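Trainee: One letter stands for each residue in the lines below.
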Amino acid sequence: MASKANRPDLVVDGKRLDGRAMDELRQLKIEANVLKNADGSAYLEWGRNKVLAAVYGPTETQPKHMADQTKAIIKCRYQMAPFSSLEDHGRTGPNRRAIEISKVTKEAFENVVMLNEFPGSMINIFIEILQSDGGTRAAGITAAAVALAGAGIHMKDLIYAVSVGKIGEHLVLDLNMKEDNYSDSDMPMAISPRNNNILLLQMDGEYTGEELHRAMEMAIEAGKTIGKIQRDALRSVYTNVAEKYESV
Amino acid sequence: MKEIILPGDLVSDKPIRNSYTYIEDGKTYSMVLGTIEREPLSIVPLESVWSPRIEDTVVGIVTSARNSVYEVDLRFHGRSIIIGGKFERFSFNVGDVVEATVKDIEEKRTIILSYPRLLSGGTLISVKTAKIPRIIGRDNTMIKQIADKSKSSIIVGKNGLIWLKGGDIALATKAILTVQEEAHVSGLTERIKKLMENGER
Amino acid sequence: MEAIGDIKSGYIRELLSKGLREDSRKVSDFRSIKVAKNVIENAEGSAQVDLGNTRVLAGVKVILGEPMSDTPNEGTLAMSAELLPLASAEYEAGPPSPNAIELARVVDRGIRAGKCVDMTSLFIEEGKSWNVYVDIYVLNYDGNLFDASCLAAMSALACTKMPEYENGAEVREKRVKELKIDNIVTSATFAKINGGILLDPNGNEENAAAARLTVATDGKFIRAMQKGLSGSFSAKEVEEMADMAMKKHDELKRRVMGA
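Protein chains in written order, with the numbering used here: chain A, 94 to 341; chain B, -18 to 182; chain C, 238 to 496.
Each hint should be verified, as a subset may be incorrect.
As the list claims (entries may be wrong) - Short derived list, chain A residues pointing at chain C, Cβ under 7 Å:
(1) N130
(2) A131
(3) A147
(4) Q162
(5) K164
(6) I166
(7) R170
(8) A174
(9) S178
(10) L223
(11) Q224
(12) M296
(13) Y300
(14) G302
What the hints assert, rightly or not - Derived list of chain A stretches under chain B, where covered just means 3 residues or more per stretch with a C-beta under 8 Å from a C-beta of chain B:
(15) 101 to 114
(16) 205 to 213
(17) 281 to 290
(18) 304 to 310
Since the hints were derived computationally from the structure, they do not count as laboratory data.
Since the structure is predicted, the reported quantities are computational estimates derived from the model, not experimental observations.
Just so it is clear, CB atoms sit at the ideal spot from N, CA and C, and this is done for glycine as well.
Generate the whole structure from the sequences, applying the supplied hints.
Mentor: The following block contains the structure:
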């Protein structure tokens, strides 16, 4: 979080700088099955974020000693492309931030993937942030869930993620990069929409108990929109093929 | 086309056992991306990971041969083996393509194969295992049609590997991949028939 | 899965002995080529190339820095490549593999030798220059990464818009001025299989190949070459491939220049 002293006005006349209302998502587009070689994949644009997620597996666990003979293991790698940010040229390879995000992402998916069906195996999730504009971990999880379903991996639910932050006295949904840089709080969450259980939760800044409650409500409400876009992306892979013949 | 369901979708307010659902608090939910018919309940996954069943025909490649035990690569996450011996008539080399039948599955991760047969020459293609039933077709009609018209020998493994030899392999491959893409769309048999006759759609 | 690769290689060789290719191309045909430019707005330049089922994304970042001490009146150009694990089951996460390093260096050599980027135009003032980073991201592998990457890198550079330099700092809000491009280099890669030579090998063909040659050219000169794998070519074969690469240049150059 950058210093608040030189913070630009992020909220003017009840609207955010990009014209959104406090509880409004940025535009979200998802396309499923975009990569030929992967078992499942998804390309997502969320605001100016551009994210590619792919799933390989279940396959034989490598290295072998990491295999769990009672269930499958999930490996996850989140990475930002060197050209993904406006200001810098990033170095390739995982840094501490990316390693942490990979870990909490993996743990969120361990909650919903039916790991017992493929004992001894490994499921690989790769998330590449091609362009970043705030909220990339949420975007990565939302894309990876679509890739997992498209890979035919059995799951309890199609999970999504979104962030709720705080700017001054306002709670704001789905912060972009600029808002994220100057916000007073940020709280990314991954949620299982079937029961609204929270599978990933990180937070820093300042929330009252009441604000925390409202923030979680906002994330759950946003899930209705996000979930519909995820589902439509998967459905359209098959309905598009069908329409080619059935509409005639 | 049929209704599509996704992981987490409610299938029924009552508990119903099915290979592609799970039950929680007395309700039934889907754990796959698939098509559903509700009365009576039938779910067909649109994508899937192969779960071996006894008597499945598989196609694989011998990756090691030691003391009459052959390890076979079936694109399966566990181990697959053929056990030979002096009373058996077969013997394989590393790199051989074989057709075999699943005899037993131990703890979901070791497959014991029986009735192995060498498939010499030819090539392999890999397909999505969820589409294998459509590629084979009811009473083998689909694959027989493709094999007859292309004059190729074709063996379909439930594990998603298909062996082809002779004839017009390019045409046979194109037909198989079309079935894979369009398996869920009605009128498939007619379209494949046309493809095999005209060489294109 | 390597075992499958061997079986497919056998089939590729058998086909080729009858003068045929898996996807019914002629030996001197490229697969279909698609180039999409400016797909990553945060980057100063970018291009995604589809060469058949091979997909490569190149991004260019232009960063304020210092000239190298041996070229004090020029900016710098650096090229890297990553074979992302999402591109193939065979690729692993980790530090760049020898294959990734070779890929970046071969693309770099062609573009550098062709003097494609006007390096003096990157000089700002004493001790200050623009440093250009080209990152090649392999998103899906189906053979011939060299030509797809060269096309992606060249196309990304050709649409690169420069940041402004104001009061000693870089300003990215208005990126209007184009990076000065003096020359266009493209490459053609050949595989030798069973003694026959074919252009633009796909993944299965690359697997079956005994030898590989990449020729980068600007249509007038041969600008870089790289021979790969353990097989060999005759001098005559090399000349024929160089000739073919020059012939293919115009077709590829149009892709680089296209909107």
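Trainee: Each hint should be assessed against the structure and marked as holding or not.
Mentor: So, going through the hints one by one against the coordinates:
Checking A:N130 against chain C: minimum C-beta separation of about 5 Å stays under 7 Å; hint holds. The beta carbon of A:A131 comes within 6 Å of a beta carbon in chain C, closer than 7 Å, and the hint placing it at the interface holds. The restraint placing A:A147 at the interface with chain C holds, with a minimum CB-CB distance near 4 Å, inside the 7 Å limit. A least Cβ separation of about 22 Å between A:Q162 and chain C goes past the 7 Å threshold, and the interface hint is therefore violated.
Because the closest C-beta pair between A:K164 and chain C is about 21 Å apart, greater than 7 Å, the hint is violated. Because the beta carbon of A:I166 sits about 15 Å from the nearest beta carbon in chain C, more than 7 Å, this interface hint is broken. Evaluation of the A:R170 hint against chain C yields a held restraint, the C-beta minimum of about 5 Å falling below 7 Å. A cut of 7 Å between beta carbons decides the hint on A:A174: the least distance to chain C is about 6 Å, and the hint holds.
Because the smallest distance between the Cβ of A:S178 and any Cβ of chain C comes to about 6 Å, under 7 Å, the interface hint for this residue holds. Taking 7 Å as the C-beta cut-off, the interface hint given for A:L223 holds, the closest approach to chain C being about 6 Å. The interface hint given for A:Q224 holds, since its Cβ lies 5 Å from the closest Cβ of chain C, which is under the 7 Å cut-off. A least Cβ separation of about 27 Å between A:M296 and chain C goes past the 7 Å threshold, and the interface hint is therefore violated.
Given hint, A:Y300 at the interface with chain C, is violated; its Cβ is 30 Å from that chain's nearest Cβ, farther than 7 Å. Taken as an interface hint, A:G302 does not check out: its beta carbon lies about 38 Å from the nearest beta carbon of chain C, beyond 7 Å. Counting residues of the segment 101 to 114 of chain A whose beta carbon lies closer than 8 Å to any beta carbon of chain B gives 0, which falls short of the minimum of three for the stated coverage. Restraint check on the segment 205 to 213 of chain A versus chain B: 6 residues with Cβ-Cβ distances below 8 Å, three needed, restraint holds.
Counting residues of the segment 281 to 290 of chain A whose CB falls under 8 Å from any CB of chain B gives 3; the rule of at least 3 is met. As drawn, the segment 304 to 310 of chain A meets chain B at 0 residues by the rule of a beta-carbon pair under 8 Å; below three, the given contact is violated.
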